[in-house]
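> Here are the chains, one letter per residue:
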Amino acid sequence: MSTSKEIDLALVARCRGGDLAAFEELYRAHAGRLYSLAFRMLGNAADAEDMLQEIFLSAHRKLESFRGEAALGTWLYRLAMNQILDYVRSRAARAGQLTDGLDDASVLPDASGHRLADRAIDRLDLERAIGELPDGCRAAFVLHDVEGLEHKEIAQVLGIAEGTSKSQVHKARLRLRGLLRRHGV
Amino acid sequence: MACERNIERIQELVDGTLGAIRRTELEQHLGQCADCRALKEDLERIRDAAAALPALPPPDGAWLQIAGRLRHEGRIRETAAAARGSRSYAWLAIAATLVLAAGLSIPYLLRLTPAPAPPATGTIPVATNPKGNDSIEEVLSKVDAAQQQYEQAIVKMDDLRKANMNALDSQTSEVIEKNLGIIDRAIAENRAAVKAEPGSVAARETLFEALRQKVSLLQDTISLINEMRNGNNAAAAQLVNKS
Chain A
44 MSTSKEIDLA LVARCRGGDL AAFEELYRAH AGRLYSLAFR MLGNAADAED
94 MLQEIFLSAH RKLESFRGEA ALGTWLYRLA MNQILDYVRS RAARAGQLTD
144 GLDDASVLPD ASGHRLADRA IDRLDLERAI GELPDGCRAA FVLHDVEGLE
194 HKEIAQVLGI AEGTSKSQVH KARLRLRGLL RRHGV
Chain B
-11 MACERNIERI QELVDGTLGA IRRTELEQHL GQCADCRALK EDLERIRDAA
39 AALPALPPPD GAWLQIAGRL RHEGRIRETA AAARGSRSYA WLAIAATLVL
89 AAGLSIPYLL RLTPAPAPPA TGTIPVATNP KGNDSIEEVL SKVDAAQQQY
139 EQAIVKMDDL RKANMNALDS QTSEVIEKNL GIIDRAIAEN RAAVKAEPGS
189 VAARETLFEA LRQKVSLLQD TISLINEMRN GNNAAAAQLV NKS
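Protein chains in written order, with the numbering used here: chain A, 44 to 228; chain B, -11 to 231.
These are calculated hints, taken from the structure and not from any lab test.
For glycine and all other residues, C-beta sits at the position ideal for the given N, C-alpha and C.
Incorrect hints may have been included.
[Unchecked claim] Which bits of chain A does chain B cover? Going by a derived footprint, with three or more residues having C-beta under 8 angstroms, they are: (1) 65 to 74; (2) 78 to 85; (3) 95 to 101; (4) 165 to 175; (5) 217 to 226.
[As the list claims (entries may be wrong)] Have a look at the derived ranges for each label pair, beta carbon to beta carbon: (6) B:GLU13 / A:ALA72: 45 to 51 angstroms; (7) A:LEU52 / B:LYS183: 33 to 39 angstroms; (8) B:GLU139 / A:LEU167: 50 to 56 angstroms; (9) B:HIS60 / A:GLY202: 33 to 39 angstroms; (10) A:ARG110 / B:ASN218: 33 to 39 angstroms; (11) A:SER108 / B:MET153: 43 to 49 angstroms; (12) B:ASN218 / A:GLY206: 55 to 61 angstroms; (13) B:ALA40 / A:ALA53: 32 to 38 angstroms.
[Claimed, not checked] Computed footprint of chain B on chain A; a stretch qualifies when at least three of its residues, placed anywhere within it, have a C-beta under 8 angstroms from a C-beta of chain B: (14) 54 to 62; (15) 186 to 196.
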């Protein structure tokens, strides 16, 4: 019986040989997770779709370096994360805001003290609100609350202090509360 | 309004990182302060909803674009089996079925306006002898015919769509045009690949997949136009969500 490592290596070998069906198999297995990551980190579908293409084209070029030390999905996830973060950094550099970015007045709960409605938070409302967060704040929130990374890991991948990661996640949640309230949740 | 000095502590409580002594103090406060309690509950709900977000399906045209670019960059190789045409019958059958589907969809779509008669579906080449001994040339000839009919069906549907797009709002129209543009680019790239390698099974399969996606999008668009015209907003919303 083949191990998952052997299965990964066999699939990668076929992809390296130029087998399009094998690469499509790899794409179908991982595209959903990577597209979701790109969509949430970048905040819009058009950039996420472009990023998804670049991730898989880059993966195809780098398959030679896959040795099976990590699972194929993990290898792809790291590669995707690096590409997404490069893009986020360059976009943030243009806008002058990676470790932005929200002054406290804009994130504190409003004076009315109104809470969110009791019904469940709608997925689409939450996706839309995440898309409205500033880049740096959104990246930390998505990595922590959606992807489940620890602040220490986030600090490493984003190149920020651990305390900054924590602060960004907290600011993002407060900002999301306000946005969801504005969307009528 | 939540007490400003407690906001950070509430966040830490939600994260599960607040020390025992401070947690006890905060929990006592939460028992007395409705605003702080509401903040804690909202932050927990946001945290839980974020953790439960599902994976999103990648856009339909993304794989076609990737495959087209890999082919364009010369990074795809024909497998020996594909080069021998051993899968020819399988994809010919698929292609013919797709043409049949496109043909059958025309009368339904033409509820919108009087239109030319639909193509005679009976003339569609179907792989009737999948275990037969057709030569590769004969198979390719059948596939060419199937592809031609497929493209004719697309032209008819696209004409119909263009004539009726005013039934849709500008935002929806924009999204549809963008997606059609993506698929058209994929079709063009794959058509170029087929032209470069006329005998390539893989190239033709990818081209057929792109054509199939265009038919599917056109069908959904025209269905959406129908529902909007009939004032059936719920059905229209379902179609938008599906796409």
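> Against each hint, give a clear statement of whether it holds in the structure.
Outcome of the hint check:
1. With 5 residues having a beta carbon nearer than 8 angstroms to a beta carbon of chain B, the stretch 65 to 74 of chain A meets the requirement of three or more and the stated coverage holds.
2. Counting residues of the stretch 78 to 85 of chain A whose beta carbon lies closer than 8 angstroms to any beta carbon of chain B gives 4, which meets the minimum of three for the stated coverage.
3. Residue count for the stretch 95 to 101 of chain A with a Cβ under 8 angstroms from a Cβ of chain B: 4. That meets the three needed, and the coverage hint holds.
4. With a threshold of 8 angstroms between beta carbons, the proposed coverage of the stretch 165 to 175 of chain A by chain B holds, since 4 of its residues qualify and at least three are required.
5. By the rule of at least three residues with a Cβ nearer than 8 angstroms to a Cβ of chain B, the coverage given for the stretch 217 to 226 of chain A holds, with 4 such residues.
6. Taken as a hint, the range 45 to 51 angstroms holds for the pair GLU13 (chain B) and ALA72 (chain A), whose Cβ atoms sit roughly 49 angstroms apart.
7. Taking the beta carbon of each, LEU52 (chain A) and LYS183 (chain B) are about 35 angstroms apart, inside 33 to 39 angstroms as hinted.
8. Our hint of 50 to 56 angstroms for GLU139 (chain B) and LEU167 (chain A) is violated, since their Cβ atoms are close to 36 angstroms apart.
9. Taking the beta carbon of each, HIS60 (chain B) and GLY202 (chain A) are about 35 angstroms apart, inside 33 to 39 angstroms as hinted.
10. Judged by the Cβ atoms, the range 33 to 39 angstroms given for ARG110 (chain A) and ASN218 (chain B) is violated: they are separated by roughly 58 angstroms.
11. Taking 43 to 49 angstroms as the suggested C-beta distance range, the pair SER108 (chain A) and MET153 (chain B) conforms, at roughly 47 angstroms.
12. In this structure the supplied range 55 to 61 angstroms holds for ASN218 (chain B) paired with GLY206 (chain A), their Cβ-Cβ distance being about 57 angstroms.
13. One distance hint, 32 to 38 angstroms for the beta-carbon pair ALA40 (chain B) and ALA53 (chain A), holds here, with the actual separation near 34 angstroms.
14. Only residues whose C-beta sits within less than 8 angstroms of a C-beta in chain B count toward coverage, and the stretch 54 to 62 of chain A has 3 of them, enough to reach three; the restraint holds.
15. Counting residues of the stretch 186 to 196 of chain A whose beta carbon lies closer than 8 angstroms to any beta carbon of chain B gives 3, which reaches the threshold of three, so the coverage claim holds.
Figure legend: structure checked against the earlier numbered hints; hints not met, in rising order: 8, 10.
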